[in-house]
Amino acid sequence: MNLPNEFDTESNLFIGLFDAMPFSVYVADVTTHELIFINKKLRERISSSANQKCYKAIYQLHSPCINCPINKLIDRDGLPTGETLISELFNDVDDHWYQLQDKCICWPDGKVAKYSIGVDITKQKQAQNLLAEAHAELALKAKALKTISITDPLTQLFNRLKMDEVLEYETSRANRYAGNLSVILLDLDKFKLVNDTFGHLVGDKVLCETATILQNSVRKQDYVARWGGEEFVVVCPETNLDETLLVAEKIRLALCQNTFTEVKLVTGSLGVASYIPNESVNALMANADKALYQAKDNGRNRVCKAF
Amino acid sequence: MNSSLKIMIVDDSLITIKKLEKNLQDLGHSVLHSCKTGREAIESFEKYQPDLVTMDITMPDMDGIEATKQIVSINPDALIIMVTSHGQEKMVMDAIEAGAKGYVLKPIRLDKLESTVNKIISNYL
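Going line by line, the protein sequences match chains U and V. Our numbering applies: residue 1 is where the first sequence begins, and numbers increase by one. Our numbering applies: residue 1 is where the second sequence begins, and numbers increase by one.
Warning: the hint list may mix true and false statements.
SDA-like cross-link-like pairs, simulated, lysine to any residue; straight-line CA separation at most 20 Å [stated by the list, open to error]:
{"#": "1", "chain 1": "V", "residue 1": "Lys18", "chain 2": "V", "residue 2": "Thr58"}
{"#": "2", "chain 1": "V", "residue 1": "Lys112", "chain 2": "U", "residue 2": "Gln124"}
{"#": "3", "chain 1": "U", "residue 1": "Lys143", "chain 2": "V", "residue 2": "Lys36"}
{"#": "4", "chain 1": "U", "residue 1": "Lys141", "chain 2": "V", "residue 2": "Lys69"}
{"#": "5", "chain 1": "U", "residue 1": "Lys162", "chain 2": "V", "residue 2": "Glu97"}
Ranges of calculated distance between the beta carbons of each label pair, as one might list FRET restraints [unchecked claim]:
{"#": "6", "chain 1": "U", "residue 1": "Asp204", "chain 2": "V", "residue 2": "Ser115", "range": "32 to 38 Å"}
{"#": "7", "chain 1": "U", "residue 1": "Lys250", "chain 2": "V", "residue 2": "Leu125", "range": "31 to 37 Å"}
{"#": "8", "chain 1": "V", "residue 1": "Leu110", "chain 2": "U", "residue 2": "Gly78", "range": "44 to 50 Å"}
Because the hints were derived from the structure by calculation, they are not lab data. Think of the CB as a built atom: it goes at the ideal place given N, C-alpha and C, for glycine as much as any other residue.
Using the sequences plus the hints, can you model the full thing?
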């Protein structure tokens, strides 16, 4: 752990200086990572024998640190670039934070070495870390609020607010890429009768069971939302009218084949419409609505398409 | 819900794994597995189905944010908290966006770890 003898006087001065510093200092060979020098402050922290690898002695690792700065501090020929890198690092061996100043230099014996000065900034980091943790809490709360704002509280499906956003996005995408886009509007048949006969709590249960049936009947890329009351909407991106009719029929069947709690039989009428390039979201939904009323007029429990 | 969780630790430092393991055991939880890379974490999650994962960020072979993203996309109910030395705003936002449910900075303080895990228990389990 000493400098070469021929530099005795200089090296004694050097060692004296570095030992007087209240920071951890070490010098390591850039090719072997072996420690050439460690100052008194660092000697108090680690028990190191000469020629030990820096990553082993200081970080108790078995291979160089992921963020080892050596490659940034030497050029293609392996010579020091002269640059100084400053970084903050947490050392989990002693649970302390250090501000590191790393630079490569030519050592008196001709080796290229990296020196590192580590200033203990644990106390300063404490306040910063508390702030970052509070920041994370805030981000989590914001995310939870965002979820609440786009969720129908009864069925946990998306709500109309989210669907307006989805429809805006999907119609502009369909316009840009001349792609297909279709929607299904579902209205439960004679739902007022369910509420009047069985009460609103049972009616709410029917809505929740319908939500589950919808989610199990659509494809992964489809969006399902409660549009309002007993009306639901499914947005089917990149899907033409015929393909969407299949999805709608699947929903209709699943509904009328399901045994609902207390009510037993519930059916739905469905209207399907496909997006016509450059028309508005309102026009698309109006078409689906017309098809839905067609299904109602034709006797309910059926799927109709918009013309 | 029993409040003793089966936890998986993901950290490339053996020292941190040992410290976390002791901390979590002191809090009454058990550590059923630990792994050292993001990629390993994805495989191990499927195999061990832990109640909770503690996830480091800087790791070889896929970082913890990417691993979190992938685990959550396959298991939307996965509960993952970051235990990391990275406190930069972008890192915090990316981790939460990826689906992390808590954020604990190193050096780990037992009270912060405890309150974070307890919040997970009361909010999600």
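> Hint by hint, which ones does the structure fall short of?
Replying inline: Hint 3 is the one this structure does not satisfy, whereas the remaining hints hold.
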